[in-house]
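Colleague: Spelled out, the chains give:
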Amino acid sequence: MTSAPVATRDLSIPSPGDITRPALAGEKETMVLNMGPHHPSTHGVLRLVVELDGETVVNVAPDVGFLHTGIEKSMESKTYQKSLVMTDRTDYLAPLSNNLCYVLAVEKLLNCEIPPRATAARVLLVELQRISSHLVWLGTHALDLAAMSVFLYGFREREQILDIFELVSGARMMTSYFRVGGLAYDLPAEFPATVQAFLDIIDGRIDEYEDLLTHNPLWLERTKGIGILDAEAAVAFGVTGPGLRAAGISWDLRKDMPYCDYDSYDFAVPIAQNGDTYDRYLVRMAEMRQSARICRQALQRLHDLGPGPYVTTDRKIAPPPKSEITHSMESLIHHFKLWTEGFKPPRGDAFVAIESPRGELATYIVSDGSPKPYRVHMRTPSFVNLQALPYMARGYLVADLVALTASMDPVLGEVDR
Amino acid sequence: MLGEIFKGLRTTLRYLFRQPVTVEYPEIKRPVRERFRGRHELKRFGNGMERCIGCSLCAAACPSDAILVVPAENNLQQPNSPGERYAARYEINMLRCIFCGYCEDACPTNAIVLEHQYELAFYDRKSSIYTKEMLLVPAEQGHGDIPPVLQQLDRRPSPPAQIDL
Numbered sequence: 001m002t003s004a005p006v007a008t009r010d011l012s013i014p015s016p017g018d019i020t021r022p023a024l025a026g027e028k029e030t031m032v033l034n035m036g037p038h039h040p041s042t043h044g045v046l047r048l049v050v051e052l053d054g055e056t057v058v059n060v061a062p063d064v065g066f067l068h069t070g071i072e073k074s075m076e077s078k079t080y081q082k083s084l085v086m087t088d089r090t091d092y093l094a095p096l097s098n099n100l101c102y103v104l105a106v107e108k109l110l111n112c113e114i115p116p117r118a119t120a121a122r123v124l125l126v127e128l129q130r131i132s133s134h135l136v137w138l139g140t141h142a143l144d145l146a147a148m149s150v151f152l153y154g155f156r157e158r159e160q161i162l163d164i165f166e167l168v169s170g171a172r173m174m175t176s177y178f179r180v181g182g183l184a185y186d187l188p189a190e191f192p193a194t195v196q197a198f199l200d201i202i203d204g205r206i207d208e209y210e211d212l213l214t215h216n217p218l219w220l221e222r223t224k225g226i227g228i229l230d231a232e233a234a235v236a237f238g239v240t241g242p243g244l245r246a247a248g249i250s251w252d253l254r255k256d257m258p259y260c261d262y263d264s265y266d267f268a269v270p271i272a273q274n275g276d277t278y279d280r281y282l283v284r285m286a287e288m289r290q291s292a293r294i295c296r297q298a299l300q301r302l303h304d305l306g307p308g309p310y311v312t313t314d315r316k317i318a319p320p321p322k323s324e325i326t327h328s329m330e331s332l333i334h335h336f337k338l339w340t341e342g343f344k345p346p347r348g349d350a351f352v353a354i355e356s357p358r359g360e361l362a363t364y365i366v367s368d369g370s371p372k373p374y375r376v377h378m379r380t381p382s383f384v385n386l387q388a389l390p391y392m393a394r395g396y397l398v399a400d401l402v403a404l405t406a407s408m409d410p411v412l413g414e415v416d417r
Numbered sequence: 418m419l420g421e422i423f424k425g426l427r428t429t430l431r432y433l434f435r436q437p438v439t440v441e442y443p444e445i446k447r448p449v450r451e452r453f454r455g456r457h458e459l460k461r462f463g464n465g466m467e468r469c470i471g472c473s474l475c476a477a478a479c480p481s482d483a484i485l486v487v488p489a490e491n492n493l494q495q496p497n498s499p500g501e502r503y504a505a506r507y508e509i510n511m512l513r514c515i516f517c518g519y520c521e522d523a524c525p526t527n528a529i530v531l532e533h534q535y536e537l538a539f540y541d542r543k544s545s546i547y548t549k550e551m552l553l554v555p556a557e558q559g560h561g562d563i564p565p566v567l568q569q570l571d572r573r574p575s576p577p578a579q580i581d582l
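So the protein lines, in turn, are chains A and B.
Each residue of the first sequence is one higher than the one before, counting from 1 in my numbering.
Each residue of the second sequence is one higher than the one before, counting from 418 in my numbering.
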């Protein structure tokens, strides 16, 4: 262990100004170090203002907002259908999870029925997305701690998942595949075989990453006992996702507030006890295996369901198939109406929370009865999880700050949105 | 302790004797999937007529306002499209386009299609605007029959409400 964990109960979240102010008379002189916004190990444009006493971190102030794109505000001037493409761009490592959260909220507003085939496909793709997102976390986390091979191996498997996304939606990353009422297009014929080919290899590949890291003494030295986030503090900060589960609290919305029929899938919620960087690593590795398990069940379910509708047949929500519009005037009207004006959900609001790879992702939509949302708010896990960073980092070395930031897996597009 | 390091080294050593999964990009190009959303193309019918009827639904569906359509009335002697109108100007700003495919989904005549070309670099902002001439496929590359609903040109004198659909 590189440094002795200091038992601080300081839950305060400093702002950059608290750290950069000159030392008062009688205060100890400390050094202020700017980490980021252009620093590879902050995983995006995150600026960390670090107060140092020698090599030891005295205080950290996360400074966010460098990637602010005004997505929530822009949604207010776009129809519900058009706003969907912006959700891809919040958490750009898990666009399908964002798509899902948004369409579930809109569907709740509209109170519309989703065909079972679409729901099973959504579960399958979102779990693949979880694996791909965790692979990016694993690769970059290991790369930050100088384990290069894991990064290359992880991205190789991620590429296979992105290829599946390209197969179904036409885009590797900005998929926009889930639409209000179901899916954008039906799953292609080669989809089951492609997914099966990936699911056949993934467990062996996770074993390989574990061979490289799990018992590696260098890895243990850099991660064990580093950046401890205990259960009490995790709850106080509102941390969700692997960070919370590594602290010993079994809280996973897929189990605790099931959506998309997750209660009918057989899977476990991995937890750990210590809440350090190593435990967060273990939890995410176990989660990838569980996700692969859910994928197998969802694939079987798609097979059992057979071909069927992939989008709701309610023509007031989803446009009709294009083959209909050349010979049905009514379909043509619906098609034009939906693509120009869009659908009008009733007045009211809807709140939907799902378990994204990073934690609890929620969308809150207020509708005033017009075709455009009155207000969209996204509760993004990265933003909330980042609050715990000063608490976790105090008392450790600068090098540990890199490790524990990576283990929280922030995505800055989601922090600033 | 050393054993664990050797276990990892054995994994990396195994890969030393395997074929690489990467390709040398500019020389070798990875094939894209059928549904890949790349550069747009404006399609034609089998007889060479433009599929685009200038309805501007693509421009309305575009979330990033990247499309400009200026429709014009067809010349009855030499029509450009089988409908009453055609797109006199059709421009896509590739700096704004996010390749979501909504234009393709919205197009009632399957005129605009996102094809597989993905190398879209340019030197200045002006050349990011793709004009109709750049997007339209050559006349011999048309395909498909004109649906009856569009064959209205010879029946123009009758009021639209009486057109038999």
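Mixed in with the good hints there might be a few duds.
Unchecked claim - Under the rule of at most 25 Å between Cα atoms (straight-line distance), these lysine to any residue pairs were calculated in the SDA-like manner: (1) B:K424 with A:K78; (2) A:K78 with B:A477; (3) A:K337 with B:K424; (4) A:K337 with A:G369; (5) B:K549 with B:G455; (6) B:K424 with A:E221; (7) B:K424 with A:G369.
Read the hints as simulated data drawn from the structure, not as lab findings.
Colleague: Each hint should be assessed against the structure and marked as holding or not.
Modeller: For each hint, the structure was consulted:
Between B:K424 and A:K78 the CA atoms are separated by roughly 54 Å; this puts the pair beyond 25 Å, and the hint is violated. Note on A:K78 and B:A477: the hinted pairing holds, with a Cα-Cα distance of about 11 Å set against a maximum of 25 Å. For the hint linking A:K337 to B:K424, the alpha-carbon distance of about 62 Å lies beyond 25 Å, and the restraint is violated. For the proposed pair A:K337 and A:G369, the alpha carbon gap of about 16 Å is at most 25 Å, so the pair holds.
A distance of roughly 17 Å separates the Cα atoms of B:K549 and B:G455; the hinted pair therefore holds under the 25 Å criterion. In summary, the hint linking B:K424 to A:E221 is supported, as the alpha carbons are separated by about 17 Å, within the 25 Å threshold. With a C-alpha separation of about 61 Å, the suggested pairing of B:K424 with A:G369 is violated against the 25 Å cut-off.
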